[in-house]
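Protein chains: 2
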Amino acid sequence: RRSHTTVSYTDPQVSMDLLRAVLQPSFNDDIMAVFKKYQKFFEKGAENVKENMGDDVQTDQLIREACRNALEHAKQMFPEGEGKRAGPEVTMKRSRPSDEDCG
Amino acid sequence: RRSHTTVSYTDPQVSMDLLRAVLQPSFNDDIMAVFKKYQKFFEKGAENVKENMGDDVQTDQLIREACRNALEHAKQMFPEGEGKRAGPEVTMKRSRPSDEDCG
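From first to last, the protein sequence lines stand for chains A and B.
Okay, so the first sequence: first residue is 1 according to our numbering, each after it adds one.
Okay, so the second sequence: first residue is 1 according to our numbering, each after it adds one.
FYI, nobody ran anything at the bench for these hints, they're computed from the structure.
Check each hint, because a few of them may be wrong.
One copy or any two copies: either way a pair holds, since identical chains are not told apart in the list.
[To be verified] BS3-like cross-link-like pairs, simulated, lysine-lysine; straight-line CA separation at most 27 Å:
(1) K50 with K40
(2) K40 with K75
(3) K50 with K37
(4) K50 with K36
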């Protein structure tokens, strides 16, 4: 019996995501280099929070969450549905909640 | 002692997110500079997809989606730990060795 786990190479999104996956490790390195620039700010901020709120604050988690949120908000530079459409002019501007924690 | 108030200023996550928001514009610039490195790959890929699939493929949207996906996957460098809220029931246990991820 054959399994149905084949990748759909006819799906534009899937094709692009394969490319994205190939580039991801290198991209991650570059992103991490960027974060190093901001690390001291996040560390300082997390330490301040810990000072103000008490020792049960986990600074490592706060910093990681801030990093994830920064990445989430950076997505707004690449908004969905604002491209040139080939067909009749349709504006499908979807705003996604970016405050959500996509962990 | 932490008081159990719902005022947002006492929320560690909110405090950190204020800091994140301040840094975001500069961070975005750096992220965009990183993407410029990969832009040609995404463009080439999107053009290939368009060639293979037809003219109704919107390369701009494909590229932006790839960028968003790259950012989404970059979050995995900053994994969520357990006990993400600093509340009374929080335990300090941590099952994943991810402390050094943000630095």
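Results of checking the hints against the structure:
no. : hint         : result
1   : K50 with K40 : within (15 Å within a copy, 43 Å between copies)
2   : K40 with K75 : both (23 Å within a copy, 19 Å between copies)
3   : K50 with K37 : within (22 Å within a copy, 38 Å between copies)
4   : K50 with K36 : within (21 Å within a copy, 37 Å between copies)
In terms of the numbered hints stated before, the structure departs from none.
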